[in-house]
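Student: Listed below, chain by chain, are the residues.
Protein chains: 2
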Amino acid sequence: MYGTSRAKPDQVVMKEAIDELAAAFGNRLVTSDAVCEQHANTTTWILPEPPDAVIYPQSAGDVQLAVRICKKHGVPVVAFGAGTSFEGSVNSPYGGISIDLKDMNRILEVHNEDFDCVVEPGVTRKQINEHLRDQGLFFPVDPGADYASLGGMASTRASGTTTVRYGTMKDNVLALKIVLPDGELITTSRRARKSAAGYDLTRLFVGAEGTLGIITELTLKLHGLPEATAAAVCRFPTIDDACNAAIAAIQAGIPVARVELLDEVMICGCNAYSKLNLAETPTLFLEFHGTDAGVQEQAKRFGQIAEESAGSAFEWATKPEERNRLWQARHDSFWAIQVLRPGAKVLVTDVCVPISRLAQCVVETKRDIEQSGLIAPIVGHAGDGNFHAGVLVMLDDPEEVARAKEFSDRLAVRAISMEGTCTGEHGIGQGKKRFLEPEHGELAVNVMRAIKHAIDPTGIMNPGKIV
Amino acid sequence: MYGTSRAKPDQVVMKEAIDELAAAFGNRLVTSDAVCEQHANTTTWILPEPPDAVIYPQSAGDVQLAVRICKKHGVPVVAFGAGTSFEGSVNSPYGGISIDLKDMNRILEVHNEDFDCVVEPGVTRKQINEHLRDQGLFFPVDPGADYASLGGMASTRASGTTTVRYGTMKDNVLALKIVLPDGELITTSRRARKSAAGYDLTRLFVGAEGTLGIITELTLKLHGLPEATAAAVCRFPTIDDACNAAIAAIQAGIPVARVELLDEVMICGCNAYSKLNLAETPTLFLEFHGTDAGVQEQAKRFGQIAEESAGSAFEWATKPEERNRLWQARHDSFWAIQVLRPGAKVLVTDVCVPISRLAQCVVETKRDIEQSGLIAPIVGHAGDGNFHAGVLVMLDDPEEVARAKEFSDRLAVRAISMEGTCTGEHGIGQGKKRFLEPEHGELAVNVMRAIKHAIDPTGIMNPGKIV
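As given, the protein sequences belong to chains A and B, one line each in that order. Going by our numbering, 108 is the number at position 100 of the first sequence; the sequence numbering is gapless. Going by our numbering, 64 is the number at position 56 of the second sequence; the sequence numbering is gapless.
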């Protein structure tokens with residue numbers, strides 16, 4: 009019904025739903041403007057659209073009850089993790105109820121002998137890794153935002169700095185518990201490492217951005233902490249050289265754990281925000297994982313490649329505190345962008361292309377930024393062919409906002425024209441909906457619509473997103 | 009309609025459909041009994057159920073035309089790759105048209121700079137690897153059957169000996185072209201290594217066993233041929249010891265490329281069939297990939313683990329011809345099983361459990377085989393917790409067949425009770441349908457049914473399989 013009729017529920021209906029939810033949830037239902045506004049998207053140019061109320065469930069049973077009440081009244085349900093979406097995935101364009109899963113933050117089981125764990129969706133990636141550290145294990149997916157929730161990361165098919173080595177959420181979720189739009193609870197798979205038993209429901213719900221159901225539990229693959237880790241910084245005269253070194257490393261089969269590209273504008277921001285002293289030129293941040301000998305070998309081979317691409321000698325960061333400082337700076341890049349232009353808002357976009365097209369795509373994009381008169385640092389997961397542009401705009405300048413949007417649209421079209429995708433890891437949400445058909449074709453999007461309709465026939469689950 | 013009404017199409021309707029197909033396909037449509045019987049499942053106890061006709065398309069356009077004609081007449085369509093399914097996936101219980109994709113066997117593109125290639129579904133894994141060898145690349149998924157087609161492997165979410173290191177078909181398919189049940193052609197994804205753009209249609213069609221559409225093109229991930237490869241054989245006094253060594257190697261994070269378990273019965277068959285001279289005791293076949301130094305390091309660490317599990321010293325096979333002989337023997341295990349009991353048929357089943365449960369599951373299964381008075385070698389991808397039992401039965405002895413079936417059922421239930429799956433890599437087909445609900449629960453299977461109905465509302469695609 010939403011997504012076709014595009015109407016908010018009648019206010020009388022909404023009030024009845026909220027009254028029934030209030031009776032069930034007491035003070036775990038909040039309707040204050042401040043809280044509702046916190047649950048509307050605020051990280052992009054997409055207008056914040058608050059829900060009518062926010063609920064804080066503590067169990068799958070709570071989520072089932074909330075969804076059943078919403079279904080009865082035909083009221084939208086928007087799952088909310090940590091609110092770090094860049095594409096308006098948690099916005100409530102048709103009002104309704106935001107289900108904030110932050111209180112469902114328990115680590116339920118760690119099977120260290122099987123390298124997996126079971127967690128609630130509100131657990132953050134930082135929290136799980138702090139919990140696992142003593143057991144010699146870690147969860148690798150690292151989207152940059154340390155406080156991202158694992159439920160949200162699964163919902164947007166997140167990836168990040170370590171994906172080049174360890175994969176995306178699609179590769180690291182073994183099973184999910186899902187509350188369906190009718191309030192029923194299913195488990196999508198078992199704890200075995202692989203299965204050929206039926207349709208792959210796990211991968212269907214990973215990346216569905218809450219439009220098919222709400223994740224209430226995740227079984228995640230874990231990895232052994234590497235025996236040895238080394239990080240390094242390598243500078244290049246041009247962005248083209250930096251991209252080409254990353255491409256050559258991947259093509260040579262070096263199993264880099266991280267290979268992050270930061271352009272000179274981004275480095276400038278990192279220096280200012282993180283009190284670093286890096287030369288302001290295109291740079292790769294690298295990390296190698298393995299045995300002592302393996303790490304040495306990887307680094308040596310990368311060094312040869314970097315030399316051929318006119319890269320500087322490595323600056324090593326082998327001590328944990330140095331390494332952490334470097335990666336903290338990378339993780340803080342969203343904040344570092346902002347210091348480049350006080351008062352401006354960062355509009356972050358992301359694309360991914362086959363790695364052979366990365367240098368061309370980045371170079372054309374930088375030229376486009378310059379020609380558009382915009383300030384937009386580029387930072388990317390170069391090993392995957394994935395990069396972000398963070399456009400700094402003054403939201404009170406509609407002409408500038410329009411220019412930034414046009415740039416972002418051209419970037420999506422450019423990536424698609426290079427056999428790439430309009431979003432490598434941020435998701436479609438509201439912001440990229442218009443690129444879904446250009447990317448997949450109308451007929452494939454019709455299959456997505458048919459699936460959406462089959463699983464959520466009344467369209468209450470996160471209406472207005474993806475399809 | 010099929011799967012609910014369970015009726016074959018009326019013979020008049022069938023004749024009309026075949027006449028129309030014959031007009032379109034000429035001698036590429038065959039109705040002879042011999043050919044139809046070749047296209048009915050013959051590898052298990054499931055009764056062969058031949059189609060009414062077989063078509064040999066040469067392009068996606070041919071497949072679209074055939075599907076459109078079948079749809080118009082309401083006639084079942086069963087995609088056929090190489091016919092190596094163990095679970096009756098290519099059987100035609102409701103008659104109809106078998107679409108044999110063997111002529112669609114062109115390698116369309118190899119992008120060596122992006123480590124991917126584009127192939128038609130009839131290309132076999134052997135063919136693609138022969139084509140790639142000179143380019144230093146390979147496609148890793150190795151289900152054991154060298155002549156398996158890549159389309160069939162994707163359809164059953166196949167995996168195999170190298171999955172422990174390189175993943176399953178789910179991990180190695182980047183994109184698919186699919187002819188939908190209405191004859192339309194879609195592309196499920198782009199050539200970028202990752203994407204967060206909409207529902208993961210690729211993973212939905214991987215493992216759908218042709219029940220949602222027919223694969224007419226695959227974009228596959230490739231991997232660099234390892235600089236160094238070493239293979240080894242390691243014997244153990246008991247199956248428990250062999251499992252525990254494999255488990256310990258995985259838990260120690262050794263990136264083994266292959267770790268295959270063969271019980272003493274299987275070794276006996278390999279000796280007879282492949283003219284080997286292996287000690288008839290539980291054995292692991294291992295393979296290590298990496299740099300020279302890396303392979304040495306992995307092998308040394310595995311040696312220490314094997315010693316702790318009472319394993320023999322390695323017998324190395326570093327020369328390519330020795331290594332090939334070893335793996336050829338492993339690949340021929342399906343045939344090797346048969347020499348153990350001339351005249352018997354091999355009923356192969358497969359389960360997968362969390363690796364911590366592997367030893368227990370294998371030991372209980374071996375006890376069950378003994379108590380059931382059956383001959384059933386065990387061979388498995390130990391690193392994934394996945395193993396097969398090949399039960400040798402005389403098909404003309406109904407009591408023995410019943411005993412074999414009961415054993416196989418108990419094995420599926422045992423795996424499910426250990427948080428595992430009733431099939432790690434063979435698929436559900438017809439043979440494992442009754443375990444789909446015990447494994448996933450009725451509500452999750454209802455979601456699969458809803459998806460099937462949404463994409464194939466008239467149920468013409470491979471009716472009677474999975475759901």
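If you're looking for bench data, these hints aren't it; they were derived computationally from the structure. Keep in mind that the hints are not guaranteed to be accurate.
[What the hints assert, rightly or not] With a straight-line Cα cutoff of 30 angstroms, these simulated DSS-like cross-link-like pairs (lysine-lysine) come out:
{"id": "1", "chain 1": "B", "residue 1": "Lys308", "chain 2": "A", "residue 2": "Lys327"}
{"id": "2", "chain 1": "B", "residue 1": "Lys229", "chain 2": "B", "residue 2": "Lys353"}
{"id": "3", "chain 1": "A", "residue 1": "Lys374", "chain 2": "A", "residue 2": "Lys110"}
{"id": "4", "chain 1": "A", "residue 1": "Lys327", "chain 2": "A", "residue 2": "Lys413"}
{"id": "5", "chain 1": "A", "residue 1": "Lys308", "chain 2": "B", "residue 2": "Lys327"}
{"id": "6", "chain 1": "B", "residue 1": "Lys110", "chain 2": "B", "residue 2": "Lys374"}
{"id": "7", "chain 1": "B", "residue 1": "Lys110", "chain 2": "B", "residue 2": "Lys229"}
{"id": "8", "chain 1": "B", "residue 1": "Lys413", "chain 2": "B", "residue 2": "Lys16"}
{"id": "9", "chain 1": "B", "residue 1": "Lys327", "chain 2": "B", "residue 2": "Lys374"}
{"id": "10", "chain 1": "B", "residue 1": "Lys229", "chain 2": "B", "residue 2": "Lys134"}
{"id": "11", "chain 1": "A", "residue 1": "Lys353", "chain 2": "A", "residue 2": "Lys134"}
{"id": "12", "chain 1": "A", "residue 1": "Lys229", "chain 2": "B", "residue 2": "Lys413"}
{"id": "13", "chain 1": "A", "residue 1": "Lys441", "chain 2": "B", "residue 2": "Lys229"}
{"id": "14", "chain 1": "A", "residue 1": "Lys229", "chain 2": "B", "residue 2": "Lys353"}
{"id": "15", "chain 1": "A", "residue 1": "Lys16", "chain 2": "A", "residue 2": "Lys134"}
{"id": "16", "chain 1": "B", "residue 1": "Lys16", "chain 2": "B", "residue 2": "Lys110"}
{"id": "17", "chain 1": "A", "residue 1": "Lys374", "chain 2": "A", "residue 2": "Lys413"}
{"id": "18", "chain 1": "B", "residue 1": "Lys16", "chain 2": "B", "residue 2": "Lys79"}
{"id": "19", "chain 1": "B", "residue 1": "Lys327", "chain 2": "B", "residue 2": "Lys353"}
{"id": "20", "chain 1": "A", "residue 1": "Lys229", "chain 2": "B", "residue 2": "Lys79"}
{"id": "21", "chain 1": "B", "residue 1": "Lys353", "chain 2": "A", "residue 2": "Lys308"}
{"id": "22", "chain 1": "A", "residue 1": "Lys308", "chain 2": "B", "residue 2": "Lys283"}
{"id": "23", "chain 1": "B", "residue 1": "Lys353", "chain 2": "B", "residue 2": "Lys374"}
{"id": "24", "chain 1": "A", "residue 1": "Lys283", "chain 2": "A", "residue 2": "Lys229"}
[Unchecked claim] Here's a subset of chain A near chain B, in silico, CB distances under 8 angstroms, partners left out:
{"id": "25", "residue": "Ile313"}
{"id": "26", "residue": "Ile363"}
{"id": "27", "residue": "Glu427"}
Note that CB positions come from ideal geometry on N, CA and C, so glycine has one too.
Student: Does each hint fit the structure? Answer for all of them.
Tutor: Structure-based check of all given hints:
Between the alpha carbons of Lys308 of chain B and Lys327 of chain A the distance comes to roughly 28 angstroms, so the proposed pair stays at or under 30 angstroms and holds. Taken as a hint, the Lys229 of chain B and Lys353 of chain B pair is broken in the structure, with Cα atoms around 36 angstroms apart against an allowance of 30 angstroms. Restraint check for Lys374 of chain A and Lys110 of chain A: the C-alpha separation of about 38 angstroms exceeds 30 angstroms, so the hint is violated. The hinted pair formed by Lys327 of chain A and Lys413 of chain A fails the criterion: a straight-line CA distance of about 42 angstroms is larger than 30 angstroms.
Annotation: proposed proximity of Lys308 of chain A to Lys327 of chain B holds, straight-line Cα distance about 28 angstroms (limit 30 angstroms). Only pairs whose Cα atoms come within 30 angstroms are accepted, and Lys110 of chain B paired with Lys374 of chain B is rejected, the gap being roughly 38 angstroms. The suggested pairing of Lys110 of chain B with Lys229 of chain B holds, with an alpha-carbon distance near 22 angstroms, which does not exceed 30 angstroms. Restraint check: the Cα-Cα separation between Lys413 of chain B and Lys16 of chain B comes to about 27 angstroms, which is no more than 30 angstroms; the hinted pair holds.
Straight-line distance between C-alpha atoms of Lys327 of chain B and Lys374 of chain B comes to about 34 angstroms, which puts the hinted pair past the 30 angstroms bound. Straight-line distance between C-alpha atoms of Lys229 of chain B and Lys134 of chain B comes to about 15 angstroms, which keeps the hinted pair within the 30 angstroms bound. Annotation: proposed proximity of Lys353 of chain A to Lys134 of chain A holds, straight-line Cα distance about 26 angstroms (limit 30 angstroms). Distance check on the hinted pair: Lys229 of chain A and Lys413 of chain B sit about 34 angstroms apart at the alpha-carbon level, beyond 30 angstroms; violated.
Simply put, Lys441 of chain A and Lys229 of chain B have alpha-carbon atoms about 27 angstroms apart, close enough for the 30 angstroms limit, and the pair holds. At most 30 angstroms may separate the alpha-carbon atoms for a hinted pair to count; Lys229 of chain A and Lys353 of chain B exceed this at roughly 38 angstroms. Restraint check for Lys16 of chain A and Lys134 of chain A: not satisfied, since their Cα atoms lie roughly 37 angstroms apart, outside the 30 angstroms limit. A C-alpha spacing of about 26 angstroms is found between Lys16 of chain B and Lys110 of chain B, which places the hinted pair at or below 30 angstroms, so the restraint holds.
Among the hinted pairs, Lys374 of chain A with Lys413 of chain A is consistent with the structure: their alpha-carbon atoms are about 15 angstroms apart, no more than 30 angstroms. Restraint check for Lys16 of chain B and Lys79 of chain B: satisfied, since their Cα atoms lie roughly 14 angstroms apart, inside the 30 angstroms limit. Proposed proximity of Lys327 of chain B and Lys353 of chain B is contradicted: the alpha carbons are some 35 angstroms apart, above 30 angstroms. A C-alpha spacing of about 42 angstroms is found between Lys229 of chain A and Lys79 of chain B, which places the hinted pair above 30 angstroms, so the restraint is violated.
As the CA atoms of Lys353 of chain B and Lys308 of chain A are separated by approximately 55 angstroms, the hinted pair breaks the 30 angstroms bound. Between the alpha carbons of Lys308 of chain A and Lys283 of chain B the distance comes to roughly 45 angstroms, so the proposed pair goes past 30 angstroms and is violated. Distance restraint check for Lys353 of chain B and Lys374 of chain B: the Cα-Cα separation of roughly 19 angstroms lies within the 30 angstroms cut-off, and the hinted pair is therefore satisfied. Of the pairs offered as hints, the one joining Lys283 of chain A and Lys229 of chain A is violated, with about 35 angstroms between alpha carbons and a cut-off of 30 angstroms exceeded.
Of the supplied interface hints, the one on Ile313 of chain A is violated, with its beta-carbon coming no nearer than about 14 angstroms to a beta-carbon of chain B, more than 8 angstroms. Using the Cβ-Cβ criterion of 8 angstroms, the hint placing Ile363 of chain A at the interface with chain B is satisfied: the shortest such distance is roughly 6 angstroms. At its closest, the beta carbon of Glu427 of chain A sits 4 angstroms from a beta carbon of chain B; the interface hint therefore holds under the 8 angstroms criterion.
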